[in-house]
Amino acid sequence: MKILVCISNVPDTTSKINFTGDNKSFDKNGVQFVINPWDEYALTRAIELKEAKGGTVTVLNVGEADAEPNIRKALAIGADDAIRVNADPKDAFFVAQQIAAIAKQNNYDMILMGKESIDYNGSQVHNMVGEMLGIPSIVPASKLDLVDDSTARLEREIEGGKEVVEVKLPFVASAQQPMSEPRIPNMRGIMTARTKPLQVVEPVGGEVKADYVSFSKPEKKGGVKMIDAENAGELITLLRNEAKVL
Amino acid sequence: MSVLVFVEGFNGEIKKSSLEAATYGYQVAQQLGTTATAVAIGEVHEDALAKLGEQGISKVLYDADSRLNNFVADAYVKVIAKAAQQENAKVLVFSNSNIGAAVGAKLAVRLNGSLATNVTTLPKTDGGFIVTRSVFSGKAFAEVNLTSDVKIIAVKKNALEIANAGSGAATVEKFSADLTDADFAAAPKETIMQDTSGGVLLTEAEIVVSGGRGLKGPENWHLVEDLAKALGAATACSKPVADLDWRPHHEHVGQTGIAVSPNLYIAIGISGAIQHLAGVNSSKVIVVINKDPEAPFFKAADYGIVGDAFDVVPKLIEAARALDK
Ligand SMILES: Cc1cc2nc3c(=O)[nH]c(=O)nc-3n(C[C@H](O)[C@H](O)[C@H](O)COP(=O)(O)OP(=O)(O)OC[C@H]3O[C@@H](n4cnc5c(N)ncnc54)[C@H](O)[C@@H]3O)c2cc1C
Ligand SMILES: Nc1ncnc2c1ncn2[C@@H]1O[C@H](COP(=O)(O)O)[C@@H](O)[C@H]1O
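Residue numbers (the working numbering), protein chains in the order written: chain V, 13 to 258; chain Z, 63 to 387.
Only chain Z is shown next, with the shape it has when bound in the complex (with noise of 0.2 Å):
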């Protein structure tokens, strides 16, 4: 028996979201008396894999098929589910990113287990294997008992700390599924990847700068691009803002966008609404910086301004470019 932690690589290296799915794995692995094994498909350093060590991952499974590189769900399901069964994995951890939380689904049919996405506390295995939930967009928790045999985990992002277990390298070992053409019967025909202002990915970040109606138009953005830079951030914005296509769409956070829960949400122009909170209440610092003293978002922060983004953004601008990293 073994707990398996799904890792996604971007740009060769290895996501921050897999990073706390390999520190979840390890320790559900301990809680349970075994060890963690990591599956790796498509493009990523393999140095970067070895370092899953410090995760505490003892071994990592890489396939390394080209075919591999973009996502096609199916032949990613059967290289994981080949990799459980080799494995004896009772446990399957993923980050809850669009892949992570597919394939999980997918397992969970095939595997016939028990799923839980958007999961953000470890197991307690005293009675059952209960983990909690975020439910209602960030509006409450609920704890949930997986009763199957095999339990899948999608860990919601920025929901605990990346560990360092120190235990040295894993072992990479080359592992490789009997993949047909008609596991790649949808794969993509054309991959566009977004200008990822920075090289930031908006799900990933750390900090997140978003915008709002209040910043009058989409000639202004450099005050949210120019601090997001500063910082090292990521841009977002609210919906009304990608419905007038003054930002691209999947820059929309909130309840019918994009979820993001970085440590710091910088909200500049934005009233608050409660669909809007949906998307950025599991924030860990939230700053709001608005006009109105009476803008609801006020109530949901850690920091605020009142003030015009016009005069104060740019000396935040200043602030942060100030910063000695």
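Pulled out of the complex, with its shape left as it was, chain V reads as follows (with noise of 0.2 Å):
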């Protein structure tokens, strides 16, 4: 089994959000930057199925040399090997086309990602990749599981319910909980990890479609009216006289 896990590198989910240069930019002065949640459960699967079945779990990054250490620690948790693609991620057809790129070159039986990356909350490189390839997009898996060498079952949410969702490998999947329980690197992970392969290579075309052109931030809230404990009632008033929300 030769599985391929996209992993974006982005701001800690505590960070303070700040742009510079005319708000045209992300300031990434004292942000911490960590593998995207998401695709840490895609990740640890990924690991999972590895252990399980035998095979190889490549992940892989598009973006600059500062995602590096984030790669090391996705080979930390358990991966064998990595491939930067050398770019700035301007957009998401951009990325997308960078991962099917490499995946063209390499028979991979599953590709994982995570459900969005909570940086730029596209969730729109997945379908993007699995239409490149023309091959299958389960969007967003919960569950996943071989039934046969080249079969898997997954689960994917839909509003309101799940479905069962049974693909001919090879396919795109995205991961959401409660598909795995992501791991922390041990020790030994940590030391192993500095000597596995990470590849990089130069992107491929360059079409950018989504111009990201200024940002902003929401406006503050007016503070909080407390209500008192005693009159709770009161709150229920409040909320169809003046919020008009009932």
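In silico DSS-like cross-links for lysine-lysine, where the CA-CA straight-line distance does not exceed 27 Å:
| id | chain 1 | residue 1 | chain 2 | residue 2 |
| --- | --- | --- | --- | --- |
| 1 | V | Lys237 | Z | Lys361 |
| 2 | V | Lys237 | Z | Lys377 |
| 3 | V | Lys256 | Z | Lys346 |
| 4 | Z | Lys361 | V | Lys256 |
| 5 | Z | Lys78 | V | Lys174 |
| 6 | V | Lys256 | Z | Lys78 |
| 7 | V | Lys116 | V | Lys102 |
| 8 | Z | Lys377 | V | Lys256 |
| 9 | Z | Lys186 | V | Lys229 |
| 10 | Z | Lys251 | V | Lys180 |
FYI, nobody ran anything at the bench for these hints, they're computed from the structure. What you are looking at is a predicted structure, and each value in this text was computed from that prediction instead of being measured.
Two chains, two frames, a set of hints: combine them into the complex.
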């Protein structure tokens, strides 16, 4: 089983979000970057499948050199090798093009991603890659198991329920809870990660279709109105007459 | 040239989020001096489709193929791509649902278009086609210029008011694409619908009542459920509550759960960690009930009550039940 896991390098969930240069770019200053949390579910599930069935797990990131610590972290968690496409991940289409190009050169049995990246919240790359490669994309999947060597069984979340889907390999799937329980790298993993192969390749194409022009932050809330617990019912009246939401 | 809107059904009716998409589509069409057509797939009542005229839709292309009752991405994409071609659509509008975002992304590749998901504003069309989208889990907005000839937009839920353009009924035309077995290769084997507390879908709900670890255990969830029922709301929970199996995972909201943007979000016994806020911060009004006056959630709230949920919530249920609907 050859599995490709795509990881994006994103600001830690507790990061303060600021912009620089006339609000034209994200301010990386003082921001800690992590593996996109959703991608960790994909990575761990890939490693579990490898442990059960044999094979390899390759991690792929489209990003600049500053993503390498997190690529190494994925290797420490248990991936076998890594590829970094050396480019600024400008938009989803561009990223998907890079992933599809790598996938075409290697016959992966499955390509796993996260449900969405927590920075740009696009939820696009997985379906684009599936479409580019002409293979099914199961998004977002909360469960992934192999039925046999050529078929996988997944659960996909839909609004109001879930669907059980069986697909032939290869396919693309994006992970969300409770697909797996993310792992923390252990000492041995961290040591071996240093010597695992990390290949850097140059990007293909360069077309950007969604051009980020500027950023802004939401308006601050006006402050909280406190209601005495003794008269809690008063809240319902305020919600109807003042906030007009009931 | 026209604007094409994809509308989704639920129990035969059109989802609220799709009515929002239809409103968006009509308003873009007005901006561009053209008309808005809708495309609907699967089980939707025809009179519900005709009523899309109220949102300004002039025509609905309806593919009632029963194989499409369940979501099958490849087949849906084929139907919508054909509709887009027939209508010469240059702007395609979806709701930012799991289905809308998935189909939109695939169409962006197939139609060589520019895609923006999570969109919160109508486009600025002087010198480009610039929309605002919610990014960084609601902590910021980005303005994006969609540079391709075809523009695909997935509208964030509850980002705009459903308009009543009042232009009478839309005409409903039967429509079909030449679907083959290959288009159904990834068709679901089985669909398991959840018990959606009183029929309110969390992602579509106007009001959400949510509980955290402060409720102590699943046996106390009647407090959340009864309040939700009295308000016609959906129920949700924080991540640890789902991790502890007090509640199912599909109710978990936040950065690594479902993002919701209802008109009213009521948080009971939830501390307001930044990862939780990331999934609820675009709610219009936030109410926080917590026994700790220092709980960070109060900083993000519009209304707050410092008190024990076990005393406060029964009072709210009583007051909510007394409301005349
Ligand atoms: C990468 C990452 C992703 C995460 N993603 C999410 C996510 O998507 N969603 C999410 O929710 N969390 C997420 N978390 C977890 C988050 O950091 C918090 O741990 C979590 O939200 C806390 O849940 P809670 O508020 O229910 O519990 P607690 O933090 O335990 O808070 C319980 C609250 O209840 C109050 N309380 C106690 N008893 C009562 C009472 N009787 N009456 C009233 N109030 C009472 C307490 O004062 C306290 O404020 C994530 C964390 C990480 C690291
Ligand atoms: N720069 C990137 N490099 C590798 N994978 C990525 C990158 N950006 C996004 N992905 C993958 O695509 C998924 C969806 O991302 P997005 O469409 O940006 O929300 C992520 O969870 C990752 O698995």
